[in-house]
Amino acid sequence: MPDTGMPETAPYEPTVRTVPTRSRARAAYDRKLVHSILDEGYVCHLGFVRDGAPVVLPTLYGRVGERLYIHGSTGSRPLRMAGEQDPGLAVCLTVTHVDGLVLARSAFHHSINYRSVVVHGTARQVTEPAERTLALDSLVDHVVPGRSYDSRPANEKELAATAVLRLDLDEVSAKVRTGGPNDEPEDAALPHWTGVVPLVRGYGTPVAADDLDPAIALPDYLAGF
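If you're matching positions, the sequence shown starts at 1 in this note's numbering and goes up one per residue.
By construction, these hints were calculated from the structure, which means they are not laboratory data.
Take these hints with a grain of salt, some might be off.
[What the hints assert, rightly or not] Label-pair restraints from in silico Cβ distances:
| hint | residue 1 | residue 2 | range |
| --- | --- | --- | --- |
| 1 | Asp141 | Val19 | 26 to 34 Å |
| 2 | Thr15 | Ala208 | 47 to 55 Å |
| 3 | Pro54 | Glu128 | 24 to 32 Å |
| 4 | Thr21 | Ala215 | 56 to 64 Å |
| 5 | Pro129 | Gly180 | 45 to 53 Å |
| 6 | Thr15 | Pro54 | 18 to 26 Å |
| 7 | Pro214 | Ser23 | 52 to 60 Å |
| 8 | Pro54 | Gly204 | 31 to 39 Å |
| 9 | Ala107 | Pro14 | 46 to 54 Å |
| 10 | Ala27 | Asp211 | 44 to 52 Å |
Just so you know, these numbers come straight off a predicted model, no measurement behind them.
For every residue, glycine included, the Cβ atom is placed at its ideal position computed from N, Cα and C.
Sequences are here, hints too, so could you generate the full structure?
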């Protein structure tokens, strides 16, 4: 795990880029909250500028301490840009969870309950062999903890086709909305249903591949799903 010299309990320092212009009360810089939101997600959206135009790509990621590792192909344009010498690739990365649909009496006050993280920074390719192994294992284990130890490691051909970006968690903020609708007092008597529809993520029963040897039992780390 990279040593950033920053205590895990210390909050992230707000910056000009991490302080929202709207709903500032929902912004948070608590390190454990940020980590929990990142660890619960599967897909991030990676934004950068290419040829003068904004681009946003969905991709897999994994967290190791105060770093995110982002998966990609060696043929991917952002991966090539991040691999260039100084200064790397300026990016903005986001992860969002929708926890509920907030239905107000007025159309204006409809909303969602959510948890999100925004990370600003410079992404760089990971080339050192030991860190690449750590990064690739973290990407697999982020999706299913323990899976990297129960699968064949990438071979030389696969490694040559795979690139990984590293993004340090330096400029980071979370934003959270909870609770019910914020209706105007004069709308309280309107005859419209109001409240929250919770969204719950669930997992189905694992389905074995057609060619799986029947003697291979479902591993414990999947049984917990």
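Now the hints, each set against the structure:
Between aspartate 141 and valine 19 the C-beta distance comes to about 33 Å, which sits within the given range of 26 to 34 Å. Remark: the range hint 47 to 55 Å for threonine 15 to alanine 208 is upheld by a beta-carbon distance near 48 Å. Distance hint for proline 54 and glutamate 128: a CB-CB separation of about 31 Å, consistent with the stated range 24 to 32 Å. At about 59 Å, the CB distance of threonine 21 to alanine 215 agrees with the hint of 56 to 64 Å.
For proline 129 and glycine 180, the hinted distance range of 45 to 53 Å is satisfied, since their beta carbons lie about 52 Å from each other. Between threonine 15 and proline 54 the beta carbon distance is about 20 Å. The supplied range of 18 to 26 Å therefore holds. For proline 214 and serine 23, the Cβ-Cβ distance of about 54 Å falls inside the hinted range of 52 to 60 Å, so the restraint holds. Our hint of 31 to 39 Å for proline 54 and glycine 204 holds, since their Cβ atoms are close to 36 Å apart.
About 33 Å separates the C-beta atoms of alanine 107 and proline 14, a value inconsistent with the hinted range of 46 to 54 Å. The beta-carbon spacing between alanine 27 and aspartate 211, approximately 50 Å, falls within the hinted interval of 44 to 52 Å.
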